[in-house]
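Engineer: Sequence:
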Amino acid sequence: MSTVGSPGQDHDRPGFNVQDTQCLLDKVGASELVIDLIVSTKNDRVFQESVLLGISLLRGGNTEIQDSFYNQLYKQKKSERFFKVFYDRMRLAQQEIRATVSVNTFELSSRKRDDDAEGSEIRHKKQGSDSLHLKEDMRGQLKEASSATSKAYSTIRKELDSELEMVGSSGDASDLEEEIEETQMSAPITIMKPILRFLQLLCENHNRNLQNFLRNQNNKTNYNLVCETLQFLDCICGSTTGGLGLLGLYINQRNVDLVIQTLETITEYCQGPCHENQTCIAKHESNGIDIIIALIVNPINPLGKHRLDLVLQLKNNASKLLLAIMESRHDSENAQEILDKMRPNELVDVMKEAYQQGVDSDDEEELSGDGIRSKDVGHNIYILAHQLARHDRILQQSLKPGVEIEGECSDALSYYKKHTAQIEIVRHDRTMEKIVFPVPSICEYLTEESKMRVFTSTERDDQGSKVNDFFQQFEDLYNEMSWQKKIRNNGPLFWFSRHISLWGSISFNLAVLVNLVVALFYPFGDEDEKGEDVLSSFWSLLLWLAMAMSTVMLFLLPRPGNIRAFLLCGIMRSIYTLGLGPTLLLLGAANLLNKIVFLVSFIGNRGTFTRGYKAVVLDVAFLYHMTYVVVCMLGLLVHEFFYSFLLFDLVYREETLLNVIKSVTRNGRSIILTAVLALILVYLFSIVGFLFFKDDFRISVEPLKPLAHLLLMSSDEEGDETEQMCDTLIRCIMTVLNHGLRNGGGIGDILRKPSKEEALFVARVIYDLLFFFIVIIIVLNLIFGVIIDTFADLRSEKQRKEEILKTTCFICGLERDKFDNKTVSFEEHSSAEHNMWHYLYFLVLVRVKDPTEYTGPESYVAQMIKKKNLDWFPRMRAMSLVSGEGESEQNEMRSLQDKLDLTMDLVTQLSGQLSELKEQMTEQRKNKQRMGFLGPPQLNHHVIAPAH
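The sequence shown lines up with residues 7 to 954 when you count with this note's numbering.
Calculated from the structure, these hints are not laboratory results.
As the structure is a prediction and not an experimental result, all values here were calculated from the model.
Backbone N, C-alpha and C fix where the C-beta goes; we use that ideal spot for every residue, glycine too.
Hints may be right or wrong, so weigh each one.
Unchecked claim - DEER-style ranges, computed between Cβ atoms:
1) Glu70 / Glu859: 18 to 28 Å
2) Asn485 / Lys347: 43 to 53 Å
3) Gln805 / Val606: 47 to 57 Å
4) Gly497 / Glu661: 33 to 43 Å
Unchecked claim - Cross-link-like lysine to aspartate or glutamate pairs, in silico, EDC-like; alpha carbons within 20 Å at most:
5) Lys812 / Glu465
6) Lys874 / Asp435
7) Lys492 / Asp435
8) Lys440 / Asp877
9) Lys90 / Glu102
10) Lys491 / Glu450
11) Lys762 / Asp701
12) Lys872 / Asp475
13) Lys492 / Glu481
With the hints as constraints, model all of the structure from the sequences given.
Structural biologist: Below, the structure written as structure tokens:
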């Protein structure tokens, strides 16, 4: 985790290929230079520049540079001297802070006067004023702080300029306060900020090796920088000189950046998670946890009166640190350590206050100096309280919006609950973990139409889960949300886009009405006959009455049925008043205009043109609506019959009719091949008929004659004529194809009826029967059977899909019966534990969040997404189902694994110590041999010498 825009803080986002430059410098020995200078230099300026160089090398969490530092410190045995320098610097800074710490007595007195003056007003507030005025048991602490202040003034005066020395006891106290605020921190304290930043970047992106290395180096002398950093936080916040109630008087504009940096560094020690560092911090004997809690629940005044943005950043980082201490832990030890040192309702009070500050702020939409709003800080505190509530029933009850009677608190809790989501993920070791996170603001731009489309159209995989297809649609959904966010700035376009379903319904209803008018009244006749003259007074009055009643019903009950009745009455009234031509022209123009509005809304929702021309050409829905507009223009400008094509919109709108079309198109290849087989058979039967039964292809015809000629014909002349239909092979093929396939008995129904005396009578019978059985019964029924079976499959598939949507979890694929007689119902599981939209929101969070700001679970999921590995989704698993028997087994396995890891670490440590001991013994033996303390080699030497 890193700072976002804090004063004097370097930015972590790499640019201009910074990582390549860092790696290039590392190859030429930059990291080794940093280590050597830090270890050997005695010059403070050189030391500071060396640390800043290390920060520049590590900026952005470059893992290659981190590994380079780790290899040189661990493998080349440079860690002991290296960490001793930082340890000594931290100790020196703490001593300097204790020697120069002061409390502004003027602020104490003014604060006391303000409390006395506002005492009566505060008593009438709804909440207690514990955080606004001094308690009775703090008066002794104030006296001690005042005495410490009087002693420290003499030290401070020596460091001030001549103007401050001229200020007497009768001088203005406010001027003295301003001079003290301008006093700069001493060099040993100032250097701590880059040191802590350097240590933070060593652990950036959750480098587990360096996180553990900062705590334990396995050297003769171990320097635990994790605990020492926590001790430094304890010291700089003044807990050693006074109570936590005076916390705000020790944090001012001069040192608040250092406090924030300390919080960020400790947070980076823990995230990943690093359970050893978490336990080390939570169980440390200092007041570190108390300080962190106090930073959250107590007001930081007087700093908060002048720089609220710094106070918000301070509280935000403190809440993140507590979350990091509890991150990815399956036990309640650390959470219980935090709960034991605070009152549960304190967090609820603080988040309510932060929410109210955000509501009361006139420029809440404008971000404060560092980009943190009061509501965002309150949201982080809410998530902290949500995590702690798993281990505290009182806090769990306090977070329910309906419990609190006070409206303000209920509004705050309702707001935070609405903008908070939770999911379950699966780690590499197959253990499950619950994540609570704030919903990114861009997610509110996801339209309901898109939600319904994704929910109903996402396909299942082999395991019954839809996460694979769901994940594939993420890019389109994210682009749609980004586009929706842009069009919010365009009011008219956003309004049209929001009512896209309304424009679609209006287009279909207008198309139906237009075709009704064309079907009932075409041809329209003479324009002079239109009007009231063709309608009797009774029907005209009745039509006016229906028009008035439909208008009244429209205003009283604006339902779709009443709207249609009003439009129908209005059209009928217009036909008999204005005429058919003007009415149809008016309806066509209205339909065209409405469809253009629909197309604009469609583009506004989809962001069609932002995806490139290729995507536009391949977008079937967009091309369909463009064709609809063209047909409307043809009906309006060319001919009214073009309006009939608009009725096909019903097929596009209704899934049942789409299934009818799909029943033909899904198995289109089979149908086409069967039809080709039928054509081949027709061709063969045509050849046989042409060769052997040409004279039998005589069919009765009725030639088209003029009407006058028909009137002059006598009854004797009436009758049908016959024509030879097989004089050529092509005519024979056309006849067999036309009449043979359309007659129920085949081609034999239209051929001449032969006599039994004829020589080819038996052959003719066989010919007719073969055509009937092969072509009519087998081939045609094959085509019909394929279509019917496909339609039945589509209907069953639709029913099965609807059943799956109702009874199966979208994410994990578990069925409803798995949650029978469980503590969590299927509805609660689908809406809270495995809410599909919460997983989408988490994917968006990983996309929009700075990678250096990731928590441990977010970093893990980001790596899995980069690899396109979906194993982090829970499949056929849910934490609520394994919380009983499975959880105990899982905890036991985890405990055994932890013990095994601890044993392996101990064995490694003992092996290292044995190797060192062996080297020492060998060295001592060599030294003794050189000094001549060992007798036998010398005796042997004397014995051998006389032999010469």
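Engineer: Could you say whether the range 47 to 57 Å given as a hint is met by the Cβ separation of Gln805 and Val606?
Structural biologist: Hint violated: Cβ distance 37 Å, outside 47 to 57 Å.
Engineer: Is Lys874 within 20 Å of Asp435, Cα to Cα?
Structural biologist: Given that 20 Å is the threshold and the Cα spacing comes to 18 Å, the pair holds.
Engineer: Would the pair Lys872 and Asp475 pass a check requiring their Cα atoms to be no farther apart than 20 Å?
Structural biologist: The given pair, whose Cα atoms are some 17 Å apart, holds under the 20 Å limit.
Engineer: How does the Cβ-Cβ distance of Asn485 and Lys347 compare with 43 to 53 Å: does it lie in that range?
Structural biologist: holds (47 Å)
Engineer: Hey, Lys492 versus Glu481, does the alpha-carbon distance stay inside 20 Å?
Structural biologist: holds (17 Å)
Engineer: So if I understand the rule, the pair passes when the alpha-carbon distance is 20 Å or less; does Lys762 with Asp701 pass?
Structural biologist: Satisfied, since the Cα-Cα distance of roughly 16 Å is no more than 20 Å.
Engineer: Starting from Lys90, check that the Cα of Glu102 is at most 20 Å away, please.
Structural biologist: Satisfied, since the Cα-Cα distance of roughly 18 Å is no more than 20 Å.
Engineer: Below or equal to 20 Å on CA atoms is what counts here, so check Lys492 against Asp435.
Structural biologist: Roughly 42 Å separates the two Cα atoms, so the pair is violated.
Engineer: Taken at face value, is the distance from the CA of Glu450 to the CA of Lys491 at most 20 Å?
Structural biologist: This hinted pair holds, its Cα atoms lying about 9 Å apart.
Engineer: Between the alpha carbons of Lys440 and Asp877, is the straight-line distance 20 Å or under?
Structural biologist: Holds - the C-alpha atoms of Asp877 and Lys440 are around 15 Å apart, at most 20 Å.
Engineer: CB of Glu70 to CB of Glu859, is that within 18 to 28 Å?
Structural biologist: holds (21 Å)
Engineer: Holds or violated: are the alpha carbons of Lys812 and Glu465 at most 20 Å from each other?
Structural biologist: The hint holds at about 15 Å.
Checked against the numbered hints listed earlier, the structure breaks hints 3, 7; every other hint is satisfied.
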